[in-house]
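Position chain B relative to chain A; hints supplied.
Read off the chains here:
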Amino acid sequence: MNDIFIDVDYAQIYKSGQKIGGDVFLLSRNPDNNQVVCTLSDGLGSGVKANVLASLTAHMAHKLSFSELDLTHSAKIIMNTLPVCKERKISYSTFTIADIRHPSLEDIHINLVEYDNPSALLFRGCSSLSWNREKIDLQRDGAFKKEELSRSYLKMEVGDRLIIFSDGVTQAGMGKSLPLGWRVEGVRQFAQQQIERNPSISSHDLSQAIVRKANTLDRLVSKDDITCMVVYARKPRRTLVVTGPPFTKEKDALLGEKISAFEGRKIVSGGTTALIVSRLFNKKLKVDMSCWSPDVPPCSTMEGIDLVTEGMLTLSKVALVLEEKKQVRTLHDDAVKKFVEVMQDSDQVHFIVGTKINEAHQDPNIPVEIGIRRTIIGRLRKALEDNYLKETSQEYL
Amino acid sequence: MGKREKVLVKICVGTACFVQGGADLLLYNDFLDPVVLANCEIEGSSCLGMCKMSSTKARPPFVQIGTEVYGDMTQERFCKLLAEAVNA
Numbered sequence: 001m002n003d004i005f006i007d008v009d010y011a012q013i014y015k016s017g018q019k020i021g022g023d024v025f026l027l028s029r030n031p032d033n034n035q036v037v038c039t040l041s042d043g044l045g046s047g048v049k050a051n052v053l054a055s056l057t058a059h060m061a062h063k064l065s066f067s068e069l070d071l072t073h074s075a076k077i078i079m080n081t082l083p084v085c086k087e088r089k090i091s092y093s094t095f096t097i098a099d100i101r102h103p104s105l106e107d108i109h110i111n112l113v114e115y116d117n118p119s120a121l122l123f124r125g126c127s128s129l130s131w132n133r134e135k136i137d138l139q140r141d142g143a144f145k146k147e148e149l150s151r152s153y154l155k156m157e158v159g160d161r162l163i164i165f166s167d168g169v170t171q172a173g174m175g176k177s178l179p180l181g182w183r184v185e186g187v188r189q190f191a192q193q194q195i196e197r198n199p200s201i202s203s204h205d206l207s208q209a210i211v212r213k214a215n216t217l218d219r220l221v222s223k224d225d226i227t228c229m230v231v232y233a234r235k236p237r238r239t240l241v242v243t244g245p246p247f248t249k250e251k252d253a254l255l256g257e258k259i260s261a262f263e264g265r266k267i268v269s270g271g272t273t274a275l276i277v278s279r280l281f282n283k284k285l286k287v288d289m290s291c292w293s294p295d296v297p298p299c300s301t302m303e304g305i306d307l308v309t310e311g312m313l314t315l316s317k318v319a320l321v322l323e324e325k326k327q328v329r330t331l332h333d334d335a336v337k338k339f340v341e342v343m344q345d346s347d348q349v350h351f352i353v354g355t356k357i358n359e360a361h362q363d364p365n366i367p368v369e370i371g372i373r374r375t376i377i378g379r380l381r382k383a384l385e386d387n388y389l390k391e392t393s394q395e396y397l
Numbered sequence: 001m002g003k004r005e006k007v008l009v010k011i012c013v014g015t016a017c018f019v020q021g022g023a024d025l026l027l028y029n030d031f032l033d034p035v036v037l038a039n040c041e042i043e044g045s046s047c048l049g050m051c052k053m054s055s056t057k058a059r060p061p062f063v064q065i066g067t068e069v070y071g072d073m074t075q076e077r078f079c080k081l082l083a084e085a086v087n088a
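Protein chains in written order, with my numbering: chain A, 1 to 397; chain B, 1 to 88.
Looking at chain A on its own, in the form it has when it is part of the complex:
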């Protein structure tokens, strides 16, 4: 598994009264060569026309970034493809492409190409860094001025953040609360305050905070689409899920070693498994009788383990919730909710699956279908990977 996680998320508020946005955000990960490409494009105007143009730009930028072509060359192709507005004599769409590669912990770099979007910001901890941008002039047919494309090559360290936003953010509040709008400087200061307040703030929360603030400056009647995207390079949040007793008793000790060696959060799922772990670590297992629902048995507490739940019923319910992408806040306050919260808050999940068959589950009198552990773990992993873009791995014991 990777030792680095590139946390990318964005937040967006459409122009007041619009049902569709003119800012388009795209994200792709290519795990084979540790590449993440994110694109933010802003189409001229708002509504459907802007959305079509921004989508066109963003998808072109995206596809070209994954090709062997040089990023500057890709940007030129896009700019030459973009139509220039007849009246305004400017191109229809602006864009920022960030091509992030992270072959190792020490080597994370970004190829950043910006065209007419507000300048991106780079934060190391809570201090903002500035860098030199290489300017490339382009002359296009039909345009009245030379176009300027800026390109930068940035080295990123663990803990760095790159913030990219559309002009809806920098122009927020213009003519209302602020004469010239929020401007890049305002966004920089606000982002800095947010990071100072919460140094490990996630991309999701930071982008949300910036967008909400911009909307407030516009007095909740945004004059343009407000979009902000944050790239955060950090250590992955890892979670270990242990379920099922090992096939032979001799392997119990090995399970214990694996659990104590793991760095990150730990979940034990299964009554018998919990008893084994409790015996191995000599820790008391206590059932929390306040936390259950008619479909899900109570969870338990044990020192050193973050969550202890029952096995098959809880796991199949968790798989269902993740497959259907149910909102956490709509769930009962039980073991499933706690499990799902931990899953959503992790980047990498490792499963240790015990292969011992539980004789009690073979009883045909059991009223509900209790699946095969392996199948359920398979469903869980697929849902985590497909719906939540998590990395998962698995081993049998």
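Since the hints were made in silico from the structure, they are not lab data.
These figures come from a predicted structure and were not determined experimentally.
There may be inaccurate statements among the hints.
[To be verified] Think about it this way: if two alpha-carbon atoms lie no more than 25 Å apart in a straight line, the pair counts; the simulated BS3-like pairs of lysine-lysine are:
#	chain 1	residue 1	chain 2	residue 2
1	A	K283	B	K10
2	A	K286	B	K6
3	B	K6	A	K284
[Unchecked claim] Derived, one-sided and incomplete: chain B residues facing chain A with beta-carbon distance under 7 Å:
#	residue
4	T15
5	V19
6	A23
7	S46
[What the hints assert, rightly or not] In silico contact screen, one side only, chain A against chain B (beta carbon under 7 Å); selected entries:
#	residue
8	G271
9	L285
10	P298
11	E310
12	E359
Note that beta-carbon positions come from the ideal geometry of N, C-alpha and C, so glycine has one too.
Frame of chain A, contents of chain B only:
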């Protein structure tokens, strides 16, 4: 009457017990006599291990009252056994 020790009760909340009636027993606050309830210390057990024993004829859900483990537990039987244990 001197102060008596409370009766220790463990309700199994393992998968097999939970789906075969154990969930109903967890509603003990609703159906148990408050006087009996006050004299019991009720807790859950992640698995009492009884469901895997081929020697027992009893079936889940299992409940441990004091040192004795009982199978085929229902709400009515649970009330009766607890009242007996408390008044013993």
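Item to check | Violations among the numbered hints, reported as their numbers in ascending order | outcome: none
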